[in-house]
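A.B. asks: Using the sequences provided together with the hints, build the complete structure.
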Amino acid sequence: MVHVATTNPPTKTMLAAIGRVAGESAIVDDLFRELYCCLIGSPFGRVITAGEDSSALGRSCLKVARYNHSLTDDQIKEIVSITGKLTKLRTSRNLLVHAVWERGSKPGEHIGVLSRRVSEKASGLGTHQLAIWTPTEAGAVADAFTNCGQLLEDFMERNFDEYPYPDLYERKVWAGFTAAIEELTGPD
Numbered sequence: 001m002v003h004v005a006t007t008n009p010p011t012k013t014m015l016a017a018i019g020r021v022a023g024e025s026a027i028v029d030d031l032f033r034e035l036y037c038c039l040i041g042s043p044f045g046r047v048i049t050a051g052e053d054s055s056a057l058g059r060s061c062l063k064v065a066r067y068n069h070s071l072t073d074d075q076i077k078e079i080v081s082i083t084g085k086l087t088k089l090r091t092s093r094n095l096l097v098h099a100v101w102e103r104g105s106k107p108g109e110h111i112g113v114l115s116r117r118v119s120e121k122a123s124g125l126g127t128h129q130l131a132i133w134t135p136t137e138a139g140a141v142a143d144a145f146t147n148c149g150q151l152l153e154d155f156m157e158r159n160f161d162e163y164p165y166p167d168l169y170e171r172k173v174w175a176g177f178t179a180a181i182e183e184l185t186g187p188d
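Numbering of the sequence shown is given in the working numbering, commencing with residue 1 and proceeding in unit increments.
In case anyone wonders, no lab produced these hints; they're calculated from the structure.
No residue lacks a Cβ here, since even glycine has one placed at the ideal position from N, Cα and C.
Each hint should be verified, as a subset may be incorrect.
[Unchecked claim] Pair ranges (Cβ atoms, derived):
1. VAL173 <-> SER42: 11 to 21 Å
2. ALA179 <-> ARG59: 35 to 45 Å
3. VAL80 <-> LEU168: 20 to 30 Å
[To be verified] Each computed DSBU-like pair below joins lysine-lysine, with the alpha-carbon atoms no more than 30 Å apart:
4. LYS88 <-> LYS12
5. LYS12 <-> LYS85
6. LYS88 <-> LYS106
7. LYS12 <-> LYS106
8. LYS85 <-> LYS63
9. LYS88 <-> LYS77
10. LYS63 <-> LYS88
11. LYS63 <-> LYS77
C.D. replies: In structure tokens:
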């Protein structure tokens, strides 16, 4: 059994870098939801894409882009390029965010153990993946997500008049907001 000892926990610097990766990738997911809204021309894209992981969000945007006749071939290529960059980052993101981490023997080095699905083939992968990372390397992944997020934002600002779309709320929640505001402001 592979087990990471709890006596040698990761440094706060490593945990902060992993947190940045999680945070920046979540921002990119939200930007993909916004891109989907832009591609279909409706804020209801947020409802359709709610809860989807980043892989599904990217695929959904690519599917819809193929049918959006207002986009040029170059614009579609740009979406494909950004999505490709994020696909490459996703493996590192998943390892960093989902592994159990401890400090390694060298300064700054951390060892991550990630549980994974076992292959049914004899030559397939085992139950765990081991990786060695530093906070600097993890920070570079976070920076790459930040850069891709900026590419998505820039793309939407350049190419869509209706950006950003407003956040949507369930009808019951919206009624609660409205009632609270009316209570604060009083009758006209």
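A.B. asks: Quickly compare the C-alpha distance for LYS85 and LYS63 to 30 Å and report which way the hint goes.
C.D. replies: 17 Å, holds
A.B. asks: Does LYS106 sit within 30 Å of LYS88, going by the straight-line distance between their CA atoms?
C.D. replies: 28 Å, holds
A.B. asks: Between LYS63 and LYS88, is the straight-line Cα distance small enough, at 30 Å or below?
C.D. replies: Cα-Cα ~19 Å, so holds.
A.B. asks: Would you check the hint for LYS63 and LYS77, treating anything up to 30 Å between C-alpha atoms as holding?
C.D. replies: Answer holds: LYS63 to LYS77 is near 13 Å, not above 30 Å.
A.B. asks: Is LYS12 within 30 Å of LYS85, Cα to Cα?
C.D. replies: 28 Å, holds
A.B. asks: Take a look at whether the Cβ-Cβ distance between VAL80 and LEU168 falls inside 20 to 30 Å.
C.D. replies: For VAL80 and LEU168 the Cβ distance comes to about 28 Å; the hint holds.
A.B. asks: Does the Cβ pair VAL173, SER42 satisfy 11 to 21 Å?
C.D. replies: At roughly 19 Å between Cβ atoms, SER42 and VAL173 fall inside 11 to 21 Å, so the hint holds.
A.B. asks: Do the Cβ positions of ALA179 and ARG59 conform to the proposed distance bound of 35 to 45 Å?
C.D. replies: 40 Å, holds
A.B. asks: Verify the proposed pairing of LYS88 with LYS77, using a straight-line Cα cut of 30 Å.
C.D. replies: Answer holds: LYS88 to LYS77 is near 17 Å, not above 30 Å.
A.B. asks: Starting from LYS12, check that the Cα of LYS106 is at most 30 Å away, please.
C.D. replies: Holds. LYS12 to LYS106 sits at ~16 Å (cutoff 30 Å).
A.B. asks: So if I understand the rule, the pair passes when the alpha-carbon distance is 30 Å or less; does LYS88 with LYS12 pass?
C.D. replies: At roughly 26 Å apart (the allowed maximum being 30 Å), LYS12 and LYS88 satisfy the hint.
This entry satisfies every hint, going by the numbered hints stated previously.
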